[in-house]
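Chains as they are written, first to last, in our numbering: chain D, 427 to 697; chain A, 62 to 488.
If you are wondering where the hints come from, they were derived from the structure by calculation, not from laboratory data.
Computed from a prediction, not measured in an experiment: that's the story for all the values here.
We treat Cβ as the ideally placed atom computed from N, Cα and C, and that holds for glycine.
Take the hints with a grain of salt, since some may be wrong.
As the list claims (entries may be wrong) - The calculated lysine-lysine pairs, modelled on BS3-like cross-linking and capped at a C-alpha distance of 27 Å, are:
(1) K418/A <-> K478/D
(2) K478/D <-> K480/A
(3) K553/D <-> K94/A
(4) K132/A <-> K478/D
(5) K478/D <-> K205/A
(6) K125/A <-> K205/A
(7) K480/A <-> K553/D
To be verified - Covered by chain A, according to a simulated footprint, are these stretches of chain D (three or more residues, beta-carbon under 8 Å):
(8) 498 to 509
(9) 563 to 572
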Amino acid sequence: MTGDPGGIHAVPLPAGWDEAVRLDEDPATIPDPASIDVPPGLRAEIEGHMSKYPERHSAALPALAAAQRMHGWCSPEAIDQVAAVMQVTPAYLSSVATFYDMLRTQPVGSHYVYVCTSVACHLRNAKSVYEAIERQAVDEGLEDFELREFECLGACDMAPMASIDGRYVGPLTEDDAPDLVAALNEGREALPGRGLSDRGFRLPWAEGGAAPDRPGPPEEPDVHPAGGTWEDAEVLDVPPAEGPPPHSRPIPQPLDPGTSVVPDDEEDTEE
Amino acid sequence: MKETRVLLANIDEPDLHTIAVYERLGGYGSMRKALLEMSPEDVLHQLEESGLRGRGGAGFSMGKKASFIPKGTMDKYLCCNADESEPGAFKDRLLMQKNPHLLIEGCIIGSIAAGANKGFIFIRGEYSVQADILDAAVSEAYEKGYLGDGILGSQHTFDLVVHRGQGAYICGEETGLLDALEGKRGNPRLKPPFPANQGLYQGPTLINNVETLCNTPIIVEHGADWYRKFGEGNSTGTKLVSVSGNVQRPGNFEIELGVTVREVIYGLAGGPPEGRDLKCFFPGGSSAPILTKDHLDLPFTYEAMAEAGSMLGTASVIVVDDSQPLVPLALRLAEFYRHESCGKCVPCREGTNWTVKMLERIDEGEGTPMDLDILGQVQDNIMGNCLCVLGDSMAMPVASMLQYFRPEFEHHMEEARAKRDLEEAVA
Numbered sequence: 427m428t429g430d431p432g433g434i435h436a437v438p439l440p441a442g443w444d445e446a447v448r449l450d451e452d453p454a455t456i457p458d459p460a461s462i463d464v465p466p467g468l469r470a471e472i473e474g475h476m477s478k479y480p481e482r483h484s485a486a487l488p489a490l491a492a493a494q495r496m497h498g499w500c501s502p503e504a505i506d507q508v509a510a511v512m513q514v515t516p517a518y519l520s521s522v523a524t525f526y527d528m529l530r531t532q533p534v535g536s537h538y539v540y541v542c543t544s545v546a547c548h549l550r551n552a553k554s555v556y557e558a559i560e561r562q563a564v565d566e567g568l569e570d571f572e573l574r575e576f577e578c579l580g581a582c583d584m585a586p587m588a589s590i591d592g593r594y595v596g597p598l599t600e601d602d603a604p605d606l607v608a609a610l611n612e613g614r615e616a617l618p619g620r621g622l623s624d625r626g627f628r629l630p631w632a633e634g635g636a637a638p639d640r641p642g643p644p645e646e647p648d649v650h651p652a653g654g655t656w657e658d659a660e661v662l663d664v665p666p667a668e669g670p671p672p673h674s675r676p677i678p679q680p681l682d683p684g685t686s687v688v689p690d691d692e693e694d695t696e697e
Numbered sequence: 062m063k064e065t066r067v068l069l070a071n072i073d074e075p076d077l078h079t080i081a082v083y084e085r086l087g088g089y090g091s092m093r094k095a096l097l098e099m100s101p102e103d104v105l106h107q108l109e110e111s112g113l114r115g116r117g118g119a120g121f122s123m124g125k126k127a128s129f130i131p132k133g134t135m136d137k138y139l140c141c142n143a144d145e146s147e148p149g150a151f152k153d154r155l156l157m158q159k160n161p162h163l164l165i166e167g168c169i170i171g172s173i174a175a176g177a178n179k180g181f182i183f184i185r186g187e188y189s190v191q192a193d194i195l196d197a198a199v200s201e202a203y204e205k206g207y208l209g210d211g212i213l214g215s216q217h218t219f220d221l222v223v224h225r226g227q228g229a230y231i232c233g234e235e236t237g238l239l240d241a242l243e244g245k246r247g248n249p250r251l252k253p254p255f256p257a258n259q260g261l262y263q264g265p266t267l268i269n270n271v272e273t274l275c276n277t278p279i280i281v282e283h284g285a286d287w288y289r290k291f292g293e294g295n296s297t298g299t300k301l302v303s304v305s306g307n308v309q310r311p312g313n314f315e316i317e318l319g320v321t322v323r324e325v326i327y328g329l330a331g332g333p334p335e336g337r338d339l340k341c342f343f344p345g346g347s348s349a350p351i352l353t354k355d356h357l358d359l360p361f362t363y364e365a366m367a368e369a370g371s372m373l374g375t376a377s378v379i380v381v382d383d384s385q386p387l388v389p390l391a392l393r394l395a396e397f398y399r400h401e402s403c404g405k406c407v408p409c410r411e412g413t414n415w416t417v418k419m420l421e422r423i424d425e426g427e428g429t430p431m432d433l434d435i436l437g438q439v440q441d442n443i444m445g446n447c448l449c450v451l452g453d454s455m456a457m458p459v460a461s462m463l464q465y466f467r468p469e470f471e472h473h474m475e476e477a478r479a480k481r482d483l484e485e486a487v488a
């Protein structure tokens, strides 16, 4: 069953749309564990994941991720190996792998650079940053890297940003593209000091505590907007006594009783 | 404008992610109190009384949700929704990266209230650094005996697993999350039955957002009466607000619910860049209908935002300044939801696709005035017609943009058409 099925399909199907399936064959069954060679490390990792859940199927996502780390992508071979260990059909794993963005069903490179171009980053010029990185990557011949635009990565405070194998870097400008691509090509850490998890990382506008509205933990009693006071932060530095630690989070004192209106009945909301 | 730091009180403490520092600052005290000095009913009662509402978007009372979990000896589960994928939201990332033990303590307290003995933190795959930190924190808690069988010599047993997603926005929807956790494609399920009755592995399941669970140790420690004094009306407590987009200081801030939106955008985040003015903002992530300058003086509460026709959602404020054309923004927004639609329900799968196509047409100068009416109708036909609210999440903001800025859409369409005509004439 290949080629253009014609008929109601006004748009011709892209070439290779049916490569992944062999419609003339019976679906693959659960592989015989003895017939498939699984690297011992991968087997141990998948079995470890399976033991954590009441149902072995729950390990599908971590198992596929582990196989992807080993093979570079969820290749048919990788899926067969996972299927053999988990004792599920390869089709089941394919159905899972095709759903999730981070599981790749095509070989794309063993490292990734995701550049966020979603709503908040879009507002801060992410598209041109992505294009600059892409241009640079093409010019310099970046290999074994998957470079793609990605949906919101959850770091809109450092927008526009990118995730290099999980390391978040930002805020980026177009001028960062040469450095970034060169670092990737040379296998060193890109933009050192500008990663979210780098020690001492601060956003440019929070530098040196200059931003007056981003205070650290208050050092002296401070008036809470609603009228109470902060606990003296110095109390916290006293090492805890033996036994259960005291309940002493440094949080604002409550108001005097009776100063705020507390409703009697809760509003019904839709779940 | 000052922040009211309750959840973030210790956030700048070095090495807060280690159990030693966390305990030095009084950490796990609430867990001891809940296990050794209180009955599970007391814990549940405190959570209900506190008025704590879910911080993940829907704003449903956390205590009430926990009280729906049936009693009995069946396997019950607690799921922490850490699949923070909403454009504009990054508050859970901060909590998990800097203060993972607060979340673990919150999970333990949640499990006491719900009677759950197995818990999962479903964290999105992109947060790999944060997941590693959580993994390390969970091991530390196991070593200390705060997780596992008979915690602190009590009858309570609770196991916690960090489960990494693999990049799908829809897994932030609670039933989609359950399917992903069961190892399937993350398609949402039909409700009812609600997860409180039949959730993970068909067992009763309590699902809460990271920030919601992080509030529970505070409530147990200080009591519901204390907690309720923060906030306004039915919006009790403090809230992490993620401000992003066209502001001078994007970031996470903790506020008392009830301060005005103006204080959040201008006071904390510094307002739009010099020389620009605010055009509109999303008060609760990209799924919330936009609001305009006229709404800046509203109190930032669940009720006030709902009354203004939007929602507090995750309290992720995305600010759009007057230099930003709205059509490309609406298009980018719609593209996000088209990409993330799981495809199970037709109105969402087709509606997001057609919205993108129409907005592309408008942006490229192929649009006709009729397109705006059809665009509005498509949004109407998505809302409320799907198993989950992903389609609505696109329909509501796009419809609200049309509602407030229709002249701009018309103008954009005309300009784009004139530009295209000119290009064709030159060619």
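Okay, the hints, checked on the actual structure:
1. K418/A <-> K478/D: Not OK: K418/A and K478/D at ~44 Å, beyond 27 Å, violated.
2. K478/D <-> K480/A: 59 Å, violated
3. K553/D <-> K94/A: Not satisfied, since the Cα-Cα distance of roughly 51 Å exceeds 27 Å.
4. K132/A <-> K478/D: With a Cα-Cα distance of about 25 Å, the restraint between K132/A and K478/D holds, given a limit of 27 Å.
5. K478/D <-> K205/A: 19 Å, holds
6. K125/A <-> K205/A: 31 Å, violated
7. K480/A <-> K553/D: Given pair K480/A, K553/D holds - Cα atoms ~22 Å apart, limit 27 Å.
8. 498 to 509: The restraint on the stretch 498 to 509 of chain D is violated, since only 0 of its residues have a Cβ under 8 Å from chain A and three are required.
9. 563 to 572: As far as the stretch 563 to 572 of chain D goes, the hint is violated, because 0 residues have Cβ atoms under 8 Å from chain A.
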